[in-house]
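Chains S and F, in that order, are what the protein sequence lines are.
Per the numbering used here, the very first residue in the first sequence carries number 5; after that it's consecutive.
Per the numbering used here, the very first residue in the second sequence carries number 149; after that it's consecutive.
FYI, nobody ran anything at the bench for these hints, they're computed from the structure.
Source: prediction; values computed, not measured.
For the chain F half of the interface with chain S, some residues (derived, Cβ under 10 Å), not all of them:
| # | residue |
| --- | --- |
| 1 | S435 |
| 2 | A519 |
| 3 | M520 |
| 4 | R521 |
| 5 | D522 |
| 6 | G523 |
| 7 | L525 |
| 8 | H531 |
| 9 | V538 |
| 10 | A542 |
Taking CB as the label site, the calculated pair distances span:
| # | chain 1 | residue 1 | chain 2 | residue 2 | range |
| --- | --- | --- | --- | --- | --- |
| 11 | S | P162 | F | A434 | 27 to 33 Å |
| 12 | F | A434 | S | E88 | 31 to 37 Å |
| 13 | F | I441 | S | S262 | 47 to 53 Å |
With a straight-line Cα cutoff of 30 Å, these simulated DSBU-like cross-link-like pairs (lysine-lysine) come out:
| # | chain 1 | residue 1 | chain 2 | residue 2 |
| --- | --- | --- | --- | --- |
| 14 | F | K632 | S | K127 |
| 15 | S | K127 | S | K116 |
| 16 | F | K632 | S | K110 |
| 17 | F | K632 | S | K156 |
Backbone N, C-alpha and C fix where the C-beta goes; we use that ideal spot for every residue, glycine too.
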Amino acid sequence: MDDLRLVERDVDTQDIKIAARKVQVFYGDTHAIRDVDVDILDKTVTAFIGPSGCGKSTFLRCLNRMNDTIDVARVEGDIHLDGEDIYDAKVDPVQLRAKVGMVFQKPNPFPKSIYDNVAYGPKIHGLAKNKAELDEIVETALRRAALWDEAKDRLDEPGTGLSGGQQQRLCIARAVATEPEVLLMDEPCSALDPIATAQVEELIDELRQNYAVVIVTHSMQQAARVSQKTAFFHLGYLVEYDETGKIFTNPEDSRTESYISGKIG
Amino acid sequence: MPVLWILAIVLVVALVGFVLGRQRALSSGQGDIRNLHSLPSYYGYNAALFGLVPAVLVLAVWTVVQPLVVQNSVIDLIPESAVEDAGNLSLVMSDVRRVADGLDVAVAEGAMSAEMAASLRTDFTDVRTRLGNVGVALGSDVTQDTLRVAQRYRELTASGNVLKTIVVLGLSLGLTGLALLRTSAQFRARNVVEQGVLLLLLAAACIAILTTLGIVLSLIFNTIEFFQLYRWTDFFFGTTWSPSFGGGSELGIIPLLWGTLYISLIALLVAVPIGLFSAVYLSEYASPRFRSIAKPLLEVLAGIPTIVYGLFALLTVGPLLVSVFGDNGTLGLGWMQGGTAVMTAGLVMGIMLIPFVSSLSDDIINAVPQAMRDGSLGLGATHSETVRQVILPAALPGIVGAILLAASRAIGETMIVVLGAGAAARLDLNPFEAMTTVTAKIVSQLTGDTDFTSPEALVAFALGMTLFVITLGLNVFALYIVRKYREQYE
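Take the sequences, apply the hints, and build the full model.
Take a look at the structure:
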């Protein structure tokens, strides 16, 4: 694994942001996730890796209850965000999703202007008192997503007119604009070319200053490059969860070793 | 030889061609399919297509054209006096055709020999009685001139038929033979057959286009004829519609257009909200079970014939509205005098358009990618915020297209208007008054005995043309918008 550029491994904090215990997910009769226990740290990039169909995306979608939108999906177990059970009856999934933002695999800007794409969340949640505040939120979000310089002169143009990499950064800006506490990213670079991927990865590292970032990725190089903690999923089980450097250099489980050395998956 | 027989023979030739072509190809490949360029059936199809298609085409064209040619060549035989007596050349020709057909029947039934039919003279034979005996009733005695022309007509038709049989069968056999001669292991039968099928597809498409063109042309010629009899300014800007076949009619389109647009507007006011809301409910909120029941039920509405809607308007909705808005109605307003009114027709037409709007909008809403919904929900938007702010705006161009298509249906609708809106052409704002539309007036101008030389009948074509231009414009606009929408996601 000499090609892996391992970033600094210091985990800045040990505050647990999300704690999951004995999580089970069923799609109809299929048992997709089995007994997953994981602690996701604040201000840390956590990568979920594993072969296709291993359940990493499914587990990610549990963290902001996006699985609720799928009729046949059923989640059991406890997931606590800042000590509060997010599957509790008194938690509104809509409120939860404002706190736990999500970026999807394929860039999915709304067919609106760039400005309206970013302003969508803040408008819905009433984060801005007036137009000036909204302008500021939009600018900050676009700056954070490293898109401001490219987009500032064309805020009125449709977001769908941007290039793939720009669209994905727009989606990140859109998610950031609602001021979430956790950012979930479901293979955010799989539809991007290497240059756009590098830009997004750089961005993820910066986002770590403010958020807990959870990223699902198929690329082990990417996991090694951007994350501090890595979880390896296989056949619905969480096989191993540890510091990224340890997972990639000295895994404890033989399945993890087989996967990262390319023998399974 | 009757056309059906020729057709049957050509079919048999094609079938034989298929079998022979297949065999010939197999034998030229020494019985091994791998030596052939194409599969053996392609060689068969090649021979069959060559034997069938050109012959059938020639047969069809010949059958249509021959009567016209024969008629043109016998017209010269009709003396001027006969035309003056009958008043009209076409009346003389129809007499001629009837006598000729009668002679055919008589020969077929054995009441006359073929030579006798060809040499009959009115001086010696009472043709009318003779033909009457075999069941062919003639309106008047047959003059010698008519009989002579009819006999000539028969002669030409008979020789034309013989020639037709020879040409068609010759073509079929000849081309089958040619195709068989060309059949060998190297012959690219597959490509030739596919080319042939391509031409057939092209021909089918052309027929559709040419028919449209023909309809438009027939409208245009009659419209031009109308405008030669009636000033176009009076037609387009006249505010009175009072046709009278005695002359002195005023044929202003404005009251009719007003009625059309008013009724369509009410119909759309009913259909668009209901259709759109039901589409949103069905595509976004309904459980699959409810959807599987409700959607077909809604589409049953689209299958009801419009005349049934007309009856519904006349017998149910009209009286109901009168009982509410009429002189002695529950509201005591006295706005409505009779059951037929703009409101009656508009409401019922709106009901008819609901499935139109809802099923098109439903498709369009479903076509909005799931990623849009996920994106919005992932930002903490509720389902209804997602529908209002992301899905509907994304689907809007398509929905506008659907509404415009519904509008062009409303404008062209006839039966509901005839039964529901009355027949009075008037310019009025009260929706409880009877009014009428362009389509309903086209019907009334052309029903009964019509003389296609008076402006009162020809106005129907001008009305039809106006309507056609309006709905064509709406459709083009709708398609343009729908296409623009498609470009966004593909």
